[in-house]
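Colleague: Read off the chains here:
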Amino acid sequence: MPDLLIELFSEEIPARMQRRAADDLKKRMTDGLVEAGLTYAGAHALSTPRRLTLAISGLLAASPTTHEERKGPKVGAPDKAIEGFLRGAGLTRDQLVERDTPKGAVYFASIEKPGRPAAEIIAEVLDATIRNFPWPKSMRWGTGSLKWVRPLHSILCLLSDEAGNEVVPLDVDGIVAGNSTRGHRFMAPDVITVSSFDDYAAKLKRGFVVLDPDERAEAIWQDASNQAFANGLELVEDKALLAEVAGLVEHPVVLMGSIDEDFLSLPAEVLQTSMREHQKFFSVRNPKTTRIEGFITVANRATADNGATILAGNQKVLSARLADAKFFWENDLRVAKAGMGKWTEALSKVTFHNKLGTQAERINRIAALAREIAPSVGADPDLAEQAARIAKADLSSEMVYEFPELQGLMGRYYAQAAGLPQEVANACEAHYSPQGPSDDVPSEAVSVAVALADKLDTLTGFWAIDEKPTGSKDPFALRRAALGVIRLVLENDLKILLVDAMKTAFGPQPSEFLIKSAKSSGGKAKFQAATKVSGEHLEYDEKKAVVFDLLSFFHDRLKVFLREQGIRHDVIDACIAMDGNDDLTLLVKRARALEDFMKSDDGTNLLQGYKRANNILIQAETKDGVEYSYGGDVKFAKDATEIALFEALALSEGAISSAIEAEDFAAAMGSMAALRAPIDAFFEAVQVNDDNQVVRRNRLNLLHQIRQVCGQVADLTVIEG
Amino acid sequence: MTQTNGAPRSFQEIILRLQSYWASKGCAMLQPYDMEVGAGTFHPATTLRSLGPTPWAAAYVQPSRRPTDGRYGENPNRLQHYYQYQVLIKPSPPNLQDLYLGSLAAIGIDMELHDIRFVEDDWESPTLGAWGLGWEVWCDGMEVSQFTYFQQVGGYDCSPVSGELTYGLERLAMYVLGVDHVMDMPFNDPEAPIPMTYGDIFKQTEEEYARWNFDTANTEVLLRHFEEAEVECAAILSQPADDPKTGKRIVMAHPAYDQCIKASHIFNLLDARGVISVTERQAYIGRVRALAKQCADAFVQTTAGGWTA
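Chains A and B supply the protein sequences, listed in that same order. Note that our numbering has the first sequence beginning at 1, numbered continuously upward. Note that our numbering has the second sequence beginning at 1, numbered continuously upward.
A portion of the hints provided could be inaccurate.
Which chain B residues stay away from chain A? Per the calculated CB distances, all over 12 Å, these [as the list claims (entries may be wrong)]: (1) P53; (2) M183; (3) K245.
Derived CB-CB ranges, DEER-like [to be verified]: (4) G286/B x D198/A: 52 to 60 Å; (5) D110/B x R20/A: 32 to 40 Å; (6) R224/B x R131/A: 47 to 55 Å.
Treat the hints as calculated values from the structure; they're not laboratory data. Glycine residues also receive a C-beta, built at the ideal position from the N, C-alpha and C atoms.
Chain B with its partners taken away, still in its complex shape (with noise of 0.2 Å):
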């Protein structure tokens, strides 16, 4: 295991030290999902591997965008692109909140000098179909992570269980490194011939972001988007099991998933541009919950997923 004495300096210290830890404690380390997502749970690492009987256990940072979140890189710590770190185990161990303390230790916070507290906070993902219980996890007063057992996703009762874990990286990094703004936190080690600030990497994209999400991106296009995305997801979903070129058994959970995926986000910026009214929003939350379900219906049919011929 890395040695983790003293306080982190930088953002990336914080990221590197949980990858090593998670790491050290056996999980993979995986890469962020290439495309957007509003979370990390996104990444088919944790909806679609959190289904089924196969065990799992892997770690992963995870770019996301919440459109709506955008202030123009103005306030202190909201972002419409910013970073989670998640761990997802399954089935759960037993010693999983140890672990997870041991995580909070191997980034610079003292348990004898910290209050840390697991309050209540149930997870549901109306887009997924999913929901858990668990805590968000207080370190003096503040949240510092989300601490799930997943019960159900994409309507399929999870056995075994998986634990998941969230962590919002910058809050956690602003606070551990004791930065009062998030474009004040040093990206790099503040000390390296060319320190980096996190607004001298981002400062210019979240004001980019913010005005294309919020009044120029084109509803029109990104309306017809979600319905391509929509459709092309029940082709892929429709096409038998059988691969008639190579006579072998590919069902394409996955790149139908993908479509999912591209239709949560285009759902999260045409909420950003305001052109989804109230009562549509549940509408196209239901149309995104309905192509999750199918997803995950066609994942149980695949050898990940737990099939057998």
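Isolated chain A (complex conformation) (with noise of 0.2 Å):
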């Protein structure tokens, strides 16, 4: 069976995109392949930045030939429609078998698909697969129509088996198929011409090209560890720089150089990042003072000199970056040094966002929110206004203009070079945080009071405006503020009432499109807002229905995390349904317990009880017109089951109320599972529409008792199963 040999050949690939599309031409190759019957043994795609090679081995040589039978009109049917059917199966009249059916003699037609040899299917397979390939940006060139990711200039496509081998006749465009390639584009530029896969590699590797790219990464990695190493040095790891410098070069040759003495004072983080973007520079590190003094460059080529005149050259480039980094970090330090009063002053020049001010009023609003938050995260609350005014003072400064993911990095420095206290310098940079769900939630008292005065701000802000996240769109990353909100609140267990703390934040936000913005509020929203009926008109407080909708929008996010660690969603609403969802703390404390006891049987079997309870009274209580709620009396009782259930309750739900007081829910819920029995008991012996009304209305009065005392705990009616 004969292998099959395809590479396309460009110009340079981007790094991101090669691993990517060699995958995709595997698939599209193969599924081409199998979907027109050749199956295969095995395939396998590589990349470099100038070809995507697939290898299929163990093809089939032709297609098998397929027998269909097609059942047509019956015998005797219009000619019109025996036509139609010859035409359709491309047979003519003589060629038909008439059958017996249950229905009478109808006409069979025996088509015969005969197979293909392997080159046909490939050709067609391949140059599908070429014109319509995923890129994720494509481009034309020259004069052509043809659309790749960088000039495609030139298609090898080989099918080799013992007795020899073929080129697939094949023509994209004007790129015509045959059986070569170049080597490495300086160190062996010649044509190359190749007869297999083994053949092809074996030729490449000479050429200087290394197919693989875990191939090229590997020694990539292993090469610049042991150079590190030989200098007492290590490596710093960075997988993406990794993978991308492996799609940067063929034949990778990695070169080490020290960092100049004169720039060793630079933050770790300024010197790594500074050499990853801009010169895709591996950082090497002293293990024993964890300072970074060396880089690795990874170039395309081996010279004579041994890489000197590549790594001077590098090591120039390094060195005038780093000459800029030191200017913007020794400027930045004198403004730091003078209270950064420049930076915080020029931030009354930036806009955030044209409804919502400038930069600085937003910083005004946080400060003042960080400052009535404090208190009840445990900060104190001059410090966690001191550190809100200059946590963002760093988006001025020279440093971040030029790379802003440093933003909050450099603030913590400039703020501890201001000789301001610790804990005001690391909120500068933990007050960002966190920013999804796996990064790491700040701790300190100040840091808390920033985040969230932070993200409470922002929330209010574009809800005030009415810009709020529509399905995918979420222009703003509010969903992450929402989700950074409910990280900072559970994981340091805090107290907010956060319809206090959105009140407390909404106050500065603009007003003029609060009516806007309470009209496509939820409906839940408008009506918790609404406040009288006057007349025929529903009155409501504009300013509520949008805090109860961003409330809801709070409510949402809590569901979408708590889902993920395993909690039911019908859990989750019988605890929103509750008073008190504001205090996402004890929102989700009350979760987790109902849902422990949600999956004990004492939960489902009181579920059940629960919920017969509820059926029977709500019918009840639609038929008669009236509300059961004034309690049952024990001496209207006739059976046993019915006083022990009077006697249960009554327990119950001092207990229940006592421990939900004390927030204690699973000694809340424990108390409720000591109802399942009389419950269970009561409903066995007893019928509740008894024909004497008085026994009747005790008896609902006693199933709203158990509504009652159970709906202390969560909404159980919305609770599935």
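Fit chain to chain and form the complex, with the hints in mind.
Modeller: Shown next as structure tokens:
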């Protein structure tokens, strides 16, 4: 069985696209071949900056012949119908067979599709694959209309077996497939002719091309580690950079250089960021001091001077870059030591959002809010306000202008340089966190206060101007901000009443868009905000509607967050329905206890009893048009189980309410569990709808007590099952 | 072809070698455009000529101005006035990468000793409504050129596609000549009777322009000029294609485009003066883009732009 070798040789493919493209080539080719009946034993895709390569082994030499039987019109059907059938099947009338079926004699066509040689199928599939290739971005060149990631120069498409090899005839927009390629752009630029994959791999190896990206990455990593080690240093791991660099070279040559003494005083993160972002250098550090002292660059060729010229050039470029960084750092330190006034002033000229004012105005809001929140997170209000006032100052610094990814981190360094308290400096960096579901959550009180204030200001601001996330659109990352608040509260076990905090945060936000925002609020929020009915009109407080709308946004994010931790959505809903649902810590404690309870036998059975009681009650209340909420009286109880239930409820009610008072939800659930047996026994022994109306009413009032007692724990009606 | 043995010794020798190299490859050696532009791409020989079906091959030096980059001549590699070397060939030839590498060899970069890399860098000019795909070319870790295949200009698909090469001349020359501060770079032959450095020629002007750009340019006048350029551009393009005086068809794409260039440069000056807020910035860029788009619309109505009666 033949093997197939394909190479698509082009100008330099962006590093980040190579692996995905090799996989796409493999998938599209193998899918297409199999669909056309060509099965294979194995397929392997490789990539370099200039080529995508696919090797398929054990391919069928031709697709198998297939037979298909097609049922046609009845014998004696109108000629038109029969002719149509013949056209579809590609046959003549004498090739049809008559056969008896339960519905009478019918024409059958037997169609044989002869197998096709592999080359023919490969050419078709490869042509379609090239023309429809899923590049993230593609382009045209010259006078052609073909699109590829960069100009495509040649196509190698070769079938080979023991007997020899043949080029698959193919012409894609004037590029004729052949059996040749080229080696390294500079080290082996001449044409190479190949006869099989093994021959191809061997010749490319001699042509200074390492075909396998994993092999390149591994070689770079090994060599870089060894060179660092030999100098008593260690390489700083950076997987993303390694993958990228492996996609920039066909013949990796690792060169190590040292960082000029002048620059060693720069913060390690600055050195690392500058080297990685601008130069794609790895950092090398001294394991004893953890100071970054050297760099590794990866060249794409070997030279007669063993890379000396290349290394000197890179060193020079790095020095120029680091001289810039050092210039920024020193200028920034001067501003920092002078109290950062220049920066905070500059922020009054920077627009945060045209409806939400400047960065300076936003900082004022955050500072006031941080002070307000501070006591409830255990922070000193003065420190929290101070931290909020300078936490974004570094946005005006030269270093952050050059390296936006260093925002916050530079703030910490500069606050330290300004001699500010350590907690304040830490907050400059930590207040941006958490940025995502896996990011660390700050725990130092001042940082927590500023982080909460920052996120609450963002959320209330955009809510106030009616810029809420819709569907997949969330340009201001408000979902992330809400999740940040949730994680800050939960992971620090904070008691923050969100409605109060939001009201404070909404205070200084613009009010001219509130009506619009209230209109786009959810129905539940509008309902909660309805204050009074005057005449026909339901009036409501717009601000309240917006606050409750944002609260339900928090609840939605919380649901997503808890669902990922295995808490059922109906359990969460049952807890959200309770009072105090803006205290997220309380809400989650309740949900976790309820989740555990619902997993127990007691839980599921109690739920059954509760639902039964509730259903009977709802039916009776609907029928009678009254609410049985007077409380039953044990003196009208007839049955022993009824009396026992009365007693159990009296006992549980007190126990549950004091447990809830103490926020001990497990205990509350435990007390609720004690009701399971009496409720089951009651329903076992007693008919609620007794003929005696007094007894019936008393029992309905008893059921209401079940609803009420259990209702203290959660809204069990929304629990499924 | 000129003999390019040995390393060049001055800034101008690098320019001359590039000129003779690209001349030998068949490019028309154009001169700089006589207006203030932010980059060589703005020269109508690139923007307008990349539109339409007519083949084109041109190379030129373009003095370029970026007022915000002024540093009073003190920063070793930042200037508000600098030179770009620009090559535009339509349709892009299949061996454009090799031609480009040949130009590096011509200015004394030995491919056997240096590490040349093509690193992804997609180009987009919001003011020109243009984009393309290509690379920044690295020599030993330093960006020495932009290499772009134009895909769209002024909102039009480029067909055929032009290949554009842009060399930042000062940076490239500093590397080749081994100079650390741009002002120390020999401009003419260091052994000439009167040797001159880049600083001898440009240090003073960098100071003068930095002061004017940042602090004294009259922003009210500039704002008015911006609007006048906008109005004039529209007025030019609103003229009928047939000239009543000569009876010829004369679509005035280039005069209109001059107004677009003017507006773009005035915008850059206003930006340097710090009078354009972040939100306004987008609006100004949009206004310049609208002019560029209208000029592109006009150019494709001209003979050079592929119009036929």
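Colleague: Give a verdict on every hint.
Modeller: The hints, checked one at a time:
1. P53: At about 9 Å from chain A, P53/B fails to clear the 12 Å cut-off, so the statement is violated.
2. M183: holds, 15 Å
3. K245: Per Cβ check, K245/B is outside 12 Å of chain A; nearest 39 Å; holds.
4. G286/B x D198/A: 52 to 60 Å: Holds, at about 58 Å.
5. D110/B x R20/A: 32 to 40 Å: With Cβ atoms ~36 Å apart, the hint holds.
6. R224/B x R131/A: 47 to 55 Å: Between R224/B and R131/A, where Cβ atoms are some 53 Å apart, the hint holds.
Hint 1 from the earlier list is the only one contradicted by this structure; the remaining hints agree with it.
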